[in-house]
Amino acid sequence: MKNGRRVTISLSALSIISITAAAVTAMSVCLAVFTTVYSRALLRDASVSSEQNVQQTALAMDNYLYSMKNQLEQIVLTMDNYTEADSFAEDISVITRTQSDIYAVMIYDAQGNIISCSGSGAKLKSTVHRNLSFDIEAFESAEDFAFLSPHVQNLFEGEYPWVVTLASRIETPAFGNAKYIAIDFRFSEIARYIDNVGIGRHGYCYVTDKNGEIVYHPQQQVIFSGLKEENSMAVNRLEDGVHIEKNIIYTLDTTYDDLWRVVGISYTDELAVERRTQIITSLIIAFFCCALIAFGVLAVYSKIVNAPVLSLMKAMKRFEKHTDNFTYSGGTETVKEIQVLSDSFAHMSVTIQNLVEKVHKEEKELRKTELKALQAQINPHFLYNTLDSIQWMCEQGKNEEATKMVGALAKLFRISISKGRELITIKEELQHAENYLIIQSFRYRNQFSYSFDVDEGLENYYCNKITVQPLIENAIYHGLDRMVDKGEIKITVKQAEDCESDILITVSDNGVGMTKEQCERVLSKERSDSSGIGVKNVNDRLKIYFGEKYGLSIESELDVGTSVTVRIPKLDKEAANAL
Amino acid sequence: MRYKRITALLLNLVMTALMCSCGNADSKRYIAVIVKSVNSDFFVNMQKGVESAATEYNVTVTFEGPENEEDYVTQNLMIDAAVKNGADAILLSAINYEKSAEAVNSAARKGVKVIAIDSAVNSQSVSLFIGTDNKEAGRTAAKAACEGFSEMTDINIGVLNYFESTENGIQREEGFREYVDSVSNAKIAASVNVDSNIESATAGAVKMLMENPQINVLVGFNEWMSLGVGYAIEQLGAADTVKGVGFDANVVSVGMLETGEMDTLLVQNPFAIGYLGVQKASEIISGDLTDSDPIYTSVTEVTRDNIYDSDIQKILFSFS
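Sequences listed follow chains H and L, in order. Quick note, the first sequence lines up with residues 24 to 602 if you use my numbering. Quick note, the second sequence lines up with residues 28 to 347 if you use my numbering.
None of the hints are false.
Distance windows between CB atoms, simulated:
| # | chain 1 | residue 1 | chain 2 | residue 2 | range |
| --- | --- | --- | --- | --- | --- |
| 1 | H | E107 | L | L263 | 36 to 44 Å |
| 2 | L | N66 | H | Q78 | 34 to 42 Å |
| 3 | H | Q78 | L | G314 | 34 to 42 Å |
| 4 | L | E174 | H | E236 | 29 to 37 Å |
| 5 | L | V210 | H | D167 | 50 to 58 Å |
| 6 | L | S177 | H | K233 | 42 to 50 Å |
| 7 | H | Q134 | L | L104 | 58 to 66 Å |
| 8 | H | A64 | L | S319 | 36 to 44 Å |
Straight line, CA to CA, 20 Å or less: simulated EDC-like cross-link-like pairs of lysine to aspartate or glutamate:
| # | chain 1 | residue 1 | chain 2 | residue 2 |
| --- | --- | --- | --- | --- |
| 9 | H | K251 | L | D320 |
| 10 | H | K148 | L | E261 |
| 11 | H | K251 | L | E310 |
| 12 | H | K381 | H | D347 |
| 13 | H | K202 | H | D103 |
| 14 | H | K148 | L | E285 |
| 15 | H | K146 | L | E285 |
| 16 | H | K146 | L | E261 |
| 17 | H | K148 | L | D332 |
| 18 | H | K251 | L | D338 |
| 19 | H | K233 | L | D338 |
| 20 | H | K251 | L | E78 |
| 21 | H | K434 | H | E423 |
Hints listed in this document are in silico derivations from the structure and should not be mistaken for laboratory results. Note that CB positions come from ideal geometry on N, CA and C, so glycine has one too.
My request is simple: use the sequences and hints to build the entire structure.
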């Protein structure tokens, strides 16, 4: 699987990346679309609100101007009823005192001398330094009304209010040499109205005359002292309507009679951009919230999906390595599919384990049956040769020897059978081996000698029957048979040095010895005559019974001898019965 | 798993930071304006400038001053109260150059930006001064005072000044004296300091004129002093013999200018001072502006001849 080139990616990483990517893309697209659409809408809203404000202001100015003209006309009409300036002034004073927007009504002669004056009650100055409410040129050139821009009214003592003057010529003088009638209207109300016009957060509006000269500006003290610039002349060249230049929205509207223009100034950065930033900020916050939620979802997802998958995967790996003592409890999973997988795996692992165990058992049984069959067999050559020897002994009258031989053979068979038991004590096994050696030493006419060396206390442990005899047989046929000198077979039973619970049974001879290849062949080859138990059978049987650790090991040197060691565990009677 | 936890932590941090910045952006700045008094036309006009700029720069302002223009104790209490109320900046026109220094320093230690307007205070913590270049204004006043006299005539000047420890008065007088010293036929014949109100100013001026009949120019250094000068000249009927020069204007002093008791008024631009004060304060609060050189607003010389020029009207008379 680990191909090197192939990039593998975990399930959780995949889900994190895909969900995050999806979220980021969706949010970015939303952000982009929303920003564009919204900022356009904001700018449009700003323009519309600016236009509305300015139009409303212009309308208010129209109303002021209209009502001023109206009042002037009314007063001019009443003038005809009077023949004396004083009585007129007295009656008009009532109007000027009750109507807050009229500051004074003045009647001038052709030179600008005051003929009649109706004011707020303040005393008329005895000497007027310069009458700002009288402009003979304007009065003369006016078609029906003359209009003087806002100025200070300085005719009365201790009062300097800002006024606009509306005047008209008196064509048919009612009294004296009255030539002009002028009304000074308080400007403060108009000023307050303009002051209060707010466009956006810090937009404002101001009023110019038709030439672009500022008539009134809410911050005119700042402007006239040069701290702030208002390029009213340039703005005045713009037509009525909304103009957006750089960050500023200019909105212009002209009053009905072309007298004034109302200019609204507002800032796109405050109207649109500022709010857009706010929206973007909140969107970004929303984005992070989404991301956080996504992470939360992922955390849960990984807990309920990825983690179980991962643990299932680990369990599978563990199962792969240690099939025998593997235990897996499925656990309860939230996701149905994973639960099914997990359950199936648990079920499958148990089934596999059972199958494996069954196969093991069956194999063991099979071997046991095979061995039993083999044990039951008597090597016909051996039996024939032995019986031949006995016959020969009897013919020679060697009754004693014949008796001994028959006894040994009888014992050999009895132990071989051992009431069908597989495990016998080492003592019995050694007796079996000895009987065999007795028979063989008769047959080989004392061509070899043998000896036993058994550690005390070990002979009561159990071992498989017919373990030692095949080794002795092997030693005789392959080690000693071809020897000229007298051979020697040593059988030792020792406590294993490297393991307390193991016993080593060694059969060694001083025969021709074997090469390494021969040693291996002995352990892997079945007997050629296919009867009786071979060395390989012994080894296999030990391993089936006790495990891989146990069995035979062969050490051999040519012309020196061979030694075959059996390693078996210490088995007392109880353990042997249990097996 | 660990990465996820770290990322989550980072996200949290970023979000917290965002929330904080948003929170700050939404809360309106508060600028406290503390002046010498709220009664004089000068400060009324300043308040208009302050309010105009407050709307434009979207800040909350308060505008207050003690009843009495000598009451620096109350003024200091107002500074402390403004700090306690969470002012981001204080615009201060100090009554006392020395005595308010401690209150200003303590405000500055608490992170409140202090900007001196109109009249300075003896503190290093002040970020900026906005107002009239008082020394220069003093020189202009002296120039106006010495105008119109032939070189043969001795110019004997009477000086009427207010509370000795107010910085702008000191500066004006200093500039004034400097210029007078440079004019060979001019000298300061008498000088008196009075409380900053009309009564003491008038009394002081009358007394000075009585005691020094040679005085042919009388100068007052603020709105009340100017009125004192005008009333004294009026009371003694000396409009033709004594030239009246004063600072600031109100309807009375403008009337005196028309009728001849006063000859020159040096009109400051309190609207501009208030407007600039709030503008600069909000810039300083938001960090766009750090300490800078003083910002001087204009002083307009108003005489009988130019009083009704259209621009002068707009500076001199308020719309109300």
